[in-house]
Amino acid sequence: MVKPVQRLDELVDTEALSPGHSACAGCGAMIAVRQILMAAPRPLIVVNATGCVEVVSTQIPHTAWNIPYIHVAFENAAAVASGVEAALDVLEAKGLGRRHHILVLAGDGGTADIGLQALSGAFERGHRFVYVCYDNEAYMNTGIQRSSLTPLGAWSRTTPAGKLEEKKDLVAIATAHRIPYAATATIFFWKDLVNKVRKAFTFDGPSFIHVYAPCNRGWYFNPAETVRLSKLAVETRYFPLYEVERGVYRINYFVATPKPLEMFLKPQGRFQHLLKPENSHLMEALKQSVDRRWEELVVLSQRGKQAYAAMQG
Amino acid sequence: MQRLHAPVLLSGNDAVALAVKQSDVDVVAAYPITPQTTIVEKLSKYVADGELRARFISVESEHSALSACVGAAAAGARCFTATSSQGLALMHEVMYIAAGMRVPVVMAVANRTLSAPINIHCDHSDIMGSRDSGWVQIFCENVQEAYSRVIQAFRLAEDSRVQLPVAVNLDGFTLSHCYEAVQPLEDEDVRGYLPRRRRVVLDYESPVTMGGLSLPNTYFEIKLEQARALESSKHVFREVVKAYPGEKDGLDVVDVYNPGASVKAVCLGSTAGTLRHVAKTYGFDVGVVNVKLFRPFPREEVLAALSEAGLVAVFDRALSPGAAANPLTSDVKALLYDAGLRKPVWTVVYGLGGRDLTTAVVRKLLEELVEAAYAGRQEARTVYLREVAAW
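Read top to bottom, the protein sequences are chains L and S. The opening position of the first sequence corresponds to residue 10 in this note's numbering, with each subsequent residue numbered one higher. The opening position of the second sequence corresponds to residue 954 in this note's numbering, with each subsequent residue numbered one higher.
Okay, chain S solo, but in the shape it has when bound:
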């Protein structure tokens, strides 16, 4: 067995593929799409080289990729797929089914915007389109986290209290294609962390019917049970992180930087690093609330992080056209309202179609936010960070 001498230099996609290999998956079904492709390229090579004992199914579409995973998981396999953007949109139908059938599929989503116009770069429009599909949805801040989350995702998905599919989101290109020093686990540690658990599967000796027809007399209860399982997966997520044999710092449901700050910036994914870096470098009175577990939304933890803030700025990397608020802002506002907290909440829309979020732009914005907080300004604003970086 090859021992891994850490740290190793890996791209986000390499790190995901390595994590999947070490998780001893049985089936990978995938279809190429930028920026996810190199994950499954790497996996197909692991299989061809005999390093991963799995079947690699080169399906003819993402719809079939997820369908094959549902079938494989129903038959008892540990399985994985990865996609982005249009591929995720094509999977949309099967995403709801995977969650409704309670199959523990793990999927990496290298986040990319949606057509039209066609664009291969990062934003969160793809996963926000499947926000309500009933999947556990995790966002990663860096390559190390993408690696760790994939391994954790298998344990979470297969836990009998959860039995739900898990999507691990990594920002397209920013994480998928950037190289970082990663500290991987040893193979045996991953194996010990991911024991095979017995669950109900398709088997002739104990036949079950999966995917039956539900009429109005049963559907409501089934969907409520499913929603409850997703709700309670937050606690299991914490156990899963706690039991993880690698570095666990910053891997809780929410990661908060500068908790006492007057301004709180709430965000998902790799942007947290940029915000934290600028706040730290220039000494802004700004805290960063990095939501790692997006679904189930960690209400108590996010609320605790925001309760003392004078002003909240929510960074949304997706639009919800025509809605009362963009996706993440909508969650944050609902949370504050339920808690009876009336605070100014700004929506900061940024990075659509891969537009860079530069430190210069962030610096200017944080200045403005702090000024508004100190002036006690109460109005909510929507800011579009559209400045194009100088090349």
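So here's chain L without its partners, still in its complex pose:
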């Protein structure tokens, strides 16, 4: 068990990601990546799926990465990480190299859609790596097309009338593989995020962290609001913070009195149509989905408490 970080200066003092990369002002994903890198143990290798983070940080002949980094394609980050992990495991045994910690970074499309097969395979095989999905709820790099993590009701360039389907439950998918650790996190709650990253790296097997990463370009909000929106997502119960350790659910930030969901939706252009009276059914469906998800989590975490108590005897 690693001691939880309480203060910023307890994190690593060298930045693995250099300034000067070409991410948009107020990019939630890059804030998340920076926090994750500060928390991740060394020596570290980053495996990245195609997407915004890759595009803004690796433009030849420049690189923003001060640590070893590899990008291969969109759908295969988990498979590439499997190869890196297996290689270093064998090379260390043969005295030809050494094991590193491995961090995989992929967006919602690269994880929940095109990359899901490779991720499922890698989870099942039990490779030791931490896989982070930075979720900005659409294909932002190609210009805001819906993914399976785009929320119900949200506008995107391929859901011009609002998405009619619910967001996939990624953590449940990950947990169904019986991996040792899965969690959600977001940038406002940095202490929660960095401690989850540190914890994730302690398991001898795959861990998964679903990080909520607001995108002002895709959601149409003021770039200054990125961190506040990540806070509101949690406080409205839209994006609950929880973890699943060896199958046991625990809510890490219990939102006893949620703020109205509208507080989270209003600053975002992608939800403006939901606020109109003629779309109240969509708004209602979204609210119900958020409530249902929270109730499920409460039940799961209560079962988790009982399981935990039973384990303590």
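Because the hints were derived from the structure by calculation, they are not lab data.
Keeping only pairs whose Cα atoms sit at most 16 Å apart, straight-line, the calculated EDC-like set for lysine to aspartate or glutamate is:
1) L:K103 <-> S:D977
2) L:K285 <-> L:E271
3) L:K268 <-> L:D300
4) S:K995 <-> S:D977
5) S:K1187 <-> S:E1254
6) L:K103 <-> S:E1004
Following the hints, complete the assembly by docking chain S onto the known chain L.
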């Protein structure tokens, strides 16, 4: 250490697996597909039995098999995968990436046709679909060659002047599942032949960024460099063959039988043996130009082999529908045109979906070819050898 008393009876797939084991690979990532499967079955057994110190990754698709190999190679491992047909098609995206990222992956391709209709038998449609992926592509004539080429492939791929992935093609079933007496090398000879070379890898002490984004201001140069590396790998290939501690006869970039003949039959893979056997048995004035190194295409050597021929027949075991010529014919014609040689070039399409190329059919065709050459007929023809063998 077990000493190998040669020769041993091995199938093509067994021979490939043995060569991979002796090459001391670190990572094998693979997914089952006929007719390749027994290669990786055997490798998984070598790993389970402790005969091969490697990680065997049973991936969930061929796309992930090659992706895992790219990751493993980037981390410094010697790695191997094998596939066929649909599996190779699924790898297609990553094949270009592996070459572009200059990772020394070695892959055996037990050649099989592509769907639809689904068919598990041999032709070269699978590898021809990845012809332009930037891999070194070697074709084997027999099981012994498949064995030797796999070992040579690691040395070639890892050479600092090459640093490219290598595909070793063996005809599905004809080679993959047929048993031949093979003369393997001793383990220590393979080890001596395949020393570990230092190269740029993912390492925290000297961080590198691999697989970065290239815009129009850099992409062109990077791809030209890569193409040049593939071009120049022909010379390295020859060095690699020269240094090989086993039998090297017939292992040059091109193997030519009966160089003075009026008719030249150009082919890839196991078919060379059939053509040579028929030409020899019946005393035809036919030479066989067996292209062993398909990419980079050995232009000078193939040209030298064809320059005196009265007629050239190119045996293509894949179609390029709608193209000016089928794949191998296209290369041969371009070569002759550039050299200013106007010769009749026949395309002989054969063996699609595993149709047997019998000696009777070959005999009839060679007769026809010789007759056309002696008559000085100049027209180019396309022949489809579709006769079904009597069972």
